[in-house]
Amino acid sequence: MKETNDAVGASTPRIDAVGKLLGKTSFPADLSRPHMLYGKVLRSIHGHARIKDMHVREAEEMPGVRSVVTAKDVPGENSQGVLYTDMHVLADKEVRSVNDALAVVVADTEEIASKASKLIKVDYEVLPAVFDPETAMQEDAPHVHPELKTNVLYHLPIRRGNVEEGFEKSQVIIEDTYRTQMVDHAFLQPEAALAYQDQRGHLVINVATQYVHWDRVEIARVLGWTENRVQVVCTAVGGAFGGREDMSLQPLVALAALKTGRPVKMILNRKESFAAHSKRHPMVMSYKTGVDNKGQLIAVKAKIIGDTGAYASWAPNILRKAAIHAVGPYKCPNVEIDSYAVYTNNPFAGAMRGFGAAQPPVAMESQMDRMAEKLAMHPLTIRWRNALEEGDTTATGQFLGSSVGLKETMLQAARAAGWTIDDQTGEVNSYG
Amino acid sequence: MAKKRGQGIAAIIYGTGYGNGFPDVSSATVEIHDDGSATVHTGAVDCGQGSDTTLIQIAAQELGVSTENITLITGDTDSTPDAGTTAATRQTYASGNAVLRAVRVAKQKLLQYGASVLGVNTPEGLEMVKGVVSVKGYPQKQMSVAELAFQARFSGVRLLGEGTFVTHTTEVDPDTGQGAPYWPYAFGTQIVEVEVDTKTGKVDIIKAIASHDVGKAINPQNVRGQIAGAVAQGIGYALMEEVNLGEGRINNPNFSQYLLPTSMDMAEIEPLIVESDEPTGPYGAKGIGEPAMLPTAPAILNAIYDAVGIRLNSLPATPEKVLDLLVSKQE
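The listed protein sequences derive, respectively, from chains A and B.
If you count the first sequence from 1, position 245 lands on 245 in this note's numbering, and the numbers rise without skipping.
So this note's numbering is basically just the index in the second sequence, starting at one, shifted up by 432.
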């Protein structure tokens with residue numbers, strides 16, 4: 001036994017470091033079981049289409065193919081989703097995005113499964129689709145989920161003070177629209193999973209995930225089983241960044257193992273991985289901000305539109321987080337934010353590092369620099385003069401009672417950049 | 433001069449945890465063994481960010497043992513309690529607190545037994561430091577944790593603890609957005625220096641200074657690693673990455689066309705840590721996973737303006753976009 005009381009604050013080597021460096025760590029693609037089969041997913045090629053017919057016989061009859069799993073093989077609920085179960089596990093009537101899975105071909109080898117999946121013929125009737133969130137908000141836009149009678153999934157207003165009065169008092173007002181793009185998590189390890197029934201008859205799923213207990217909820221729902229008979233075991237995870245929160249392979253590999261009675265492994269290549277998980281929400285952010293002649297922020301007005309694609313995933317929470325973080329780390333008495341999550345037929349967006357708080361700084365921090373420039377003020381000065389401190393209140397009226405280290409981070413970064421700042425006035429004496 | 437340099441700054445706030453009243457719960461259990469070593473069970477998955485090491489450090493600190501005497505079992509629905517998602521910059525804070533609570537419960541049972549053995553009328557009269565349990569004010573009277581744990585278990589005492597932590601969040605008003613949606617908040621400031629090639633529009637990142645308030649760095653090297661990784665991801669977001677869609681189809685589902693930063697694109701990164709000591713955090717910790725990524729892209733946009741006087745209103749700042757703006761600025 002080694003006794004010590006200095007574990008916290010020490011740069012202890014990571015316990016996973018040696019295994020990963022030596023290649024001894026197992027990711028799901030490294031696992032295998034006796035008599036294991038391989039599954040390949042067939043996904044939609046259209047953003048919106050009716051499935052008139054799907055012909056699987058040719059694939060089923062190919063030597064080495066053990067089964068083709070489709071919607072009719074789902075014993076429980078054919079739906080999944082972290083907030084709303086608005087996505088089919090296997091679509092059979094309609095597809096709303098290229099994420100939609102139609103079938104899983106299970107075969108003796110990956111090659112056979114892959115070849116057989118190309119033999120499945122799907123008769124599509126392409127339907128009107130919408131790919132731009134601002135168009136999707138218009139009244140005559142086709143509805144991605146017709147039962148909702150709107151493509152606007154979520155709207156959060158933030159109202160504090162009176163922005164119009166704030167703009168009247170402003171010395172400088174900047175108004176502009178900013179756009180951020182859709183990006184992928186691009187984690188190193190593409191999705192893979194292994195499922196099998198153990199000696200108890202329980203279904204075991206080995207997968208790299210962010211939340212084993214939630215995966216169990218989703219898999220049990222699809223199987224129609226009680227949760228205690230589903231065991232989700234997380235292997236080593238090769239990065240996640242939010243891209244492993246929604247179901248990707250878990251219910252599919254579970255269905256395949258259940259139907260064939262054999263262990264089934266599924267491994268995605270990079271191209272398939274792009275279609276299998278969520279993306280970062282592209283956002284359109286229209287900002288109008290005003291400051292007085294000392295650089296004090298008086299009014300922030302913003303409209304934020306996030307494209308969640310065909311499925312909700314975490315969109316309401318993400319666009320809420322965007323709204324709440326729209327003003328940045330600053331005090332402002334007058335705030336008017338409107339944030340919208342909108343359905344389109346694009347690939348679905350979901351959680352990604354920052355979760356809606358990554359996009360607004362692109363707009364707000366540009367606005368801060370542009371207002372500073374008009375006032376012939378250093379960019380750090382304007383930030384310093386508005387920076388939240390302990391005892392301040394945020395744009396949502398939240399009192400910050402402890403651990404507001406913002407100004408310390410400004411000081412520390414400025415010092416490292418060779419800038420000096422007067423902590424009373426915020427004046428900076430060197431730039432560049 | 434074909435190449436021009438500039439600096440840009442950006443600052444951020446980041447509300448950690450699920451937020452808005454969403455159930456944000458982490459649980460852990462711990463068992464102290466005969467020799468004072470211990471096993472911790474928690475559902476919290478380490479996605480590569482380092483939570484396994486951090487949770488072990490928290491348990492080790494509280495028990496006064498070395499990290500190698502703690503075994504951590506995670507991410508198995510058959511054997512580990514639910515600890516929520518590895519997301520929202522919440523595992524150090526929420527699961528760290530759950531582990532801390534579980535360890536304290538088990539430790540209390542050990543001290544309770546220790547009080548009877550050492551003739552102290554309350555476990556409050558004992559302290560447990562560096563593997564030794566001793567009487568406060570009279571440390572000559574002491575026992576090693578290992579000896580005490582062995583005796584306790586031999587006497588039929590089981591040193592088990594369960595800890596559950598719920599992060600405080602409140603739903604915001606749906607009409608005004610007012611409320612206390614997150615806790616705690618993390619903060620950060622980054623200053624980035626860029627070099628813009630005015631002939632090609634290519635932006636190189638020269639240096640990124642990244643200062644982040646993490647409450648308390650449980651593992652400083654791990655925090656610096658998180659910051660460096662986040663800056664890399666921020667550089668990709670700012671300059672290269674974009675899923676190119678056509679009629680809802682992904683046109684570039686591969687890394688030859690979906691460009692990510694490589695080691696050749698990386699800048700000198702100076703990760704800096706501010707410790708503001710959050711009272712509700714385990715040993716004062718908040719988190720670092722997400723906030724470190726947020727200032728990088730806007731700081732780069734501001735640096736490009738400082739360098740060449742063009743303002744990009746859309747990401748990514750590809751050479752094509754930069755060059756277009758440079759050309760129209762000259763016209």
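Among the clues, some could well be false.
Said to hold, decoys possible - Coverage of chain A stretches by chain B, computed from C-beta distances (three or more under 8 Å per stretch; other residues unrestricted):
1) 59 to 73
2) 313 to 326
3) 342 to 348
Derived from the structure by calculation, the hints contain no laboratory data.
Glycine residues also receive a C-beta, built at the ideal position from the N, C-alpha and C atoms.
Each hint, compared with the structure:
no.: 1; hint: 59 to 73; in the structure: violated (count 0)
no.: 2; hint: 313 to 326; in the structure: holds (count 6)
no.: 3; hint: 342 to 348; in the structure: holds (count 4)
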